[in-house]
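Q: So the chains spell out like this:
Number of protein chains: 2
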Amino acid sequence: MQKLPLKIGLLGLGTVGSGVVKILQDNQESISIKVGRGVEVVKALVRNPDLPRAVNCDSFTLTTDARDIIDDPEIDIVVEVMGSIEPARSYIIESLKSGKNVVTANKDLLALHGRELLDAAKEAGKDLLFEASVAGGIPIVAALKHSLAGNQIKQLAGIINGTTNYILTAMADQGRDYADVLKEAQDLGYAEADPSSDVDGLDAARKLAILASIAFGSRVTIHDVFTEGISKISKVDLAYARELDCSVKLLALAQEDEERIEVRVHPAFIPNSHPLSSVKGVFNAVYVVGDAVGETMFYGRGAGSLPTGSAVVSDLMQVAHNLETYANGSLNCTCYRQLEIKPVSEFKSAYYVRLNVKDEPRVLASLAHMFAEAGISFASIIQKPKPGQEAEIVLVTHPCQEGQLQQAVEYLKVYSKVLDICNIIRVEGGQSWSGRD
Amino acid sequence: MQKLPLKIGLLGLGTVGSGVVKILQDNQESISIKVGRGVEVVKALVRNPDLPRAVNCDSFTLTTDARDIIDDPEIDIVVEVMGSIEPARSYIIESLKSGKNVVTANKDLLALHGRELLDAAKEAGKDLLFEASVAGGIPIVAALKHSLAGNQIKQLAGIINGTTNYILTAMADQGRDYADVLKEAQDLGYAEADPSSDVDGLDAARKLAILASIAFGSRVTIHDVFTEGISKISKVDLAYARELDCSVKLLALAQEDEERIEVRVHPAFIPNSHPLSSVKGVFNAVYVVGDAVGETMFYGRGAGSLPTGSAVVSDLMQVAHNLETYANGSLNCTCYRQLEIKPVSEFKSAYYVRLNVKDEPRVLASLAHMFAEAGISFASIIQKPKPGQEAEIVLVTHPCQEGQLQQAVEYLKVYSKVLDICNIIRVEGGQSWSGRD
Numbered sequence: 000m001q002k003l004p005l006k007i008g009l010l011g012l013g014t015v016g017s018g019v020v021k022i023l024q025d026n027q028e029s030i031s032i033k034v035g036r037g038v039e040v041v042k043a044l045v046r047n048p049d050l051p052r053a054v055n056c057d058s059f060t061l062t063t064d065a066r067d068i069i070d071d072p073e074i075d076i077v078v079e080v081m082g083s084i085e086p087a088r089s090y091i092i093e094s095l096k097s098g099k100n101v102v103t104a105n106k107d108l109l110a111l112h113g114r115e116l117l118d119a120a121k122e123a124g125k126d127l128l129f130e131a132s133v134a135g136g137i138p139i140v141a142a143l144k145h146s147l148a149g150n151q152i153k154q155l156a157g158i159i160n161g162t163t164n165y166i167l168t169a170m171a172d173q174g175r176d177y178a179d180v181l182k183e184a185q186d187l188g189y190a191e192a193d194p195s196s197d198v199d200g201l202d203a204a205r206k207l208a209i210l211a212s213i214a215f216g217s218r219v220t221i222h223d224v225f226t227e228g229i230s231k232i233s234k235v236d237l238a239y240a241r242e243l244d245c246s247v248k249l250l251a252l253a254q255e256d257e258e259r260i261e262v263r264v265h266p267a268f269i270p271n272s273h274p275l276s277s278v279k280g281v282f283n284a285v286y287v288v289g290d291a292v293g294e295t296m297f298y299g300r301g302a303g304s305l306p307t308g309s310a311v312v313s314d315l316m317q318v319a320h321n322l323e324t325y326a327n328g329s330l331n332c333t334c335y336r337q338l339e340i341k342p343v344s345e346f347k348s349a350y351y352v353r354l355n356v357k358d359e360p361r362v363l364a365s366l367a368h369m370f371a372e373a374g375i376s377f378a379s380i381i382q383k384p385k386p387g388q389e390a391e392i393v394l395v396t397h398p399c400q401e402g403q404l405q406q407a408v409e410y411l412k413v414y415s416k417v418l419d420i421c422n423i424i425r426v427e428g429g430q431s432w433s434g435r436d
Numbered sequence: 000m001q002k003l004p005l006k007i008g009l010l011g012l013g014t015v016g017s018g019v020v021k022i023l024q025d026n027q028e029s030i031s032i033k034v035g036r037g038v039e040v041v042k043a044l045v046r047n048p049d050l051p052r053a054v055n056c057d058s059f060t061l062t063t064d065a066r067d068i069i070d071d072p073e074i075d076i077v078v079e080v081m082g083s084i085e086p087a088r089s090y091i092i093e094s095l096k097s098g099k100n101v102v103t104a105n106k107d108l109l110a111l112h113g114r115e116l117l118d119a120a121k122e123a124g125k126d127l128l129f130e131a132s133v134a135g136g137i138p139i140v141a142a143l144k145h146s147l148a149g150n151q152i153k154q155l156a157g158i159i160n161g162t163t164n165y166i167l168t169a170m171a172d173q174g175r176d177y178a179d180v181l182k183e184a185q186d187l188g189y190a191e192a193d194p195s196s197d198v199d200g201l202d203a204a205r206k207l208a209i210l211a212s213i214a215f216g217s218r219v220t221i222h223d224v225f226t227e228g229i230s231k232i233s234k235v236d237l238a239y240a241r242e243l244d245c246s247v248k249l250l251a252l253a254q255e256d257e258e259r260i261e262v263r264v265h266p267a268f269i270p271n272s273h274p275l276s277s278v279k280g281v282f283n284a285v286y287v288v289g290d291a292v293g294e295t296m297f298y299g300r301g302a303g304s305l306p307t308g309s310a311v312v313s314d315l316m317q318v319a320h321n322l323e324t325y326a327n328g329s330l331n332c333t334c335y336r337q338l339e340i341k342p343v344s345e346f347k348s349a350y351y352v353r354l355n356v357k358d359e360p361r362v363l364a365s366l367a368h369m370f371a372e373a374g375i376s377f378a379s380i381i382q383k384p385k386p387g388q389e390a391e392i393v394l395v396t397h398p399c400q401e402g403q404l405q406q407a408v409e410y411l412k413v414y415s416k417v418l419d420i421c422n423i424i425r426v427e428g429g430q431s432w433s434g435r436d
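Just so you know, the protein sequences line up as chains A and B, in that order.
According to my numbering, the residues represented by the first sequence are 0 to 436, in order.
According to my numbering, the residues represented by the second sequence are 0 to 436, in order.
Where hints are given, some of them may not hold.
Each pair may be met inside one copy or between any two copies, as identical chains are not told apart.
[Said to hold, decoys possible] Below, a list of computed lysine-lysine pairs in the DSSO-like style, where the Cα atoms sit at most 27 angstroms apart:
1. K2 / K144
2. K144 / K33
3. K33 / K416
4. K153 / K21
5. K33 / K153
6. K21 / K2
Since the hints were made in silico from the structure, they are not lab data.
Given these sequences and hints, build the entire structure.
A: The structure is reproduced here in structure tokens:
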């Protein structure tokens, strides 16, 4: 092995950056054999070089000036693991312009400025790889870009936010309330002090924008994704889910339908017979249906220092291979068309509708009539008595358009026997889902 | 798109070959956009050109002479989907020598002659890709070769034979006998008239040899794999599995332990909390634990015309990309060391042991004593009365070495109160398994 080692500059040395350093140190020997030369971090951009670090930094320089890395002619690959939009965006573009290949884990940036960044990489003739930006260690970007490339992807359904899946799993298994489990998740470090990006579905929406862009070969941004969070899910809903042999998940769904893309993130009931229902706790999974391959699922840890670092290192090794074969820049943006985004009113789902009603004769008949007026029929009905003159009714509809459901809800709102529309949650992944039959 | 289309020669036009043709026809447009040029089958080797075919063959020539393909200077890529050892082996080697890149789906050949074939590819400076040889449409070869390349793989556990998983799933769900379900599987075409390659575990062992070679970077052949089939599993064992909150699967396991590789295929109890337990029917899955990525699982259809064709087409597109960047032959054999194979006597497992014993006092105490003599303790015990003076006892041990278990079995054989050692099945994937904690 006579070749000079590959020199890496890290922009950021937080959770993911430390993971990258540790993997390159721990598996130095096998990685350098596979790559055909050493792979060494030579510089890392940090805010404060005097802070204690989770990894041994003796073998490289800490700097507070990004130019030390971007302008260093010795550095072959820049790894952007600082997160957020700016200055990460500018640093990546400048790195590409200064002739470096770039590996990034930055989902926020790609979901918003993916096209601009990939265009910059194309122009520079350099690689911009981003496996780590979605679902941590799960190689879903590679699967969609390469392994399933011969397929028309029909659907993609992911559990791609570990925090919400941890919360929903704990609520379901322990019969606990949302607020209570969220507090615990914050104490354990699984949820941020301000949890909104996770629990409101924004984090999942960003990742879905990236995945849908690759799966359908058509650029999707965060702005295209319909997004609804989990904060309104109660332990009562989870108890009904169990009764209906379902799990509740924050689902990130994308599907192509007549040359339009439907992209949405929301909580959903999914049948326990569906592969995604067994994804528990902080684990992530992406379920993909291709016209040739049929149903597939990719499962693993969606976050964390080493799992995400694993994806970064895999990209580093790909860049190294491309350097070897002079193939950098040969495969970046895979979007080859631009499809329209389907409007929300045309989404089609089954729905779980939980109502408090007056416990009087003929209420159920009236409800059935209102839904029928909107063109909606029921798949199942559960009615339970409540204290006083009330009853709780759960209706599960057959699939209908979002617009039809909204019409039924208008009827419910003006019907005096309905005391409360407690919750409405989509039901996905059943036989009606086009990927399953 | 000015470039001439890529020309493909198919060696074989059976189930997989037809799938490849259909995918290239159905997804012609998107594939040619992604590849940057058309991809066309121009010739296919068949035994009888007059037979009816599952796909439209108007656009290419059927030939009965392999030389028509191997010696055709116009053909860029040879796809070997004829199966078996010879003449497939010779045809692949000759194709490589005559300057063609090769994609194969042939697990038998790779599990036996992988090194020879990959050496031939290296010498020719051509690609030899084989994603389709293991687990059909599941991109596990790419995952191990590329996406998880920064990891030291600790363990790999697969359900990689659809026939046996179909049989075990039906036995478990319907409480039916092995012979009965096997007959049904044969009638449905899920099992061959001679089912031995599937039910005896040989098919899984071949695939495991290929996967283990890549996962551990060390050549493993079919001869290295300890193999035991499912024919001795009875519905009684499946009922106990359910009672113990486990599933029974034909598991293909590979792990590295102190620079030795352990490779084995056998039926196993796995806890229902393990991701592999939810893999039902003809589906396959490969569970991989890496030192950085942690637990991952790859799930999908392990066989069939289109799923396996999907893997072949993905490899074809990779070859096309390599042609574009003049990188053919740059990544073939990934074995970089040669580890020893661990002997069977040192395998470590927990065991399910089902016995018929005389229903007399102190029998259980004596059994416990015998196992203790062999250094084995119990995790659980189930005892059930049987007609007459008999009882059925199920012992689940804590993990011990195979050699210790054999010692305990010797004691059982000479103990007069033991009427029958009904079955002994390994228990894997529990907390004691190093990948889980």
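Q: If a hint holds in the structure, say so; if it does not, say that too.
A: Going down the list of hints, with the structure as the test:
Only between protomers do K2 and K144 lie at most 27 angstroms apart by alpha-carbon distance; the minimum there is 22 angstroms, versus 30 angstroms within a single protomer. Taking CA atoms no more than 27 angstroms apart as the test, K144 paired with K33 passes in both settings, with 22 angstroms inside one copy and 10 angstroms between copies. Neither within a single protomer nor between protomers do K33 and K416 lie at most 27 angstroms apart by alpha-carbon distance, with minima of 69 angstroms and 58 angstroms respectively. In this assembly of identical chains, the alpha carbons of K153 and K21 lie at most 27 angstroms apart only when taken from different copies (17 angstroms versus 38 angstroms within one copy).
Proximity of K33 and K153 under a CA criterion of 27 angstroms is satisfied inter-copy only: 17 angstroms between copies versus 35 angstroms inside one chain copy. Taking the shortest Cα distances, K21 and K2 sit within 27 angstroms of each other inside one copy (23 angstroms), while across copies they are farther apart (45 angstroms).
Violated hint: 3 only; the structure is consistent with all others.
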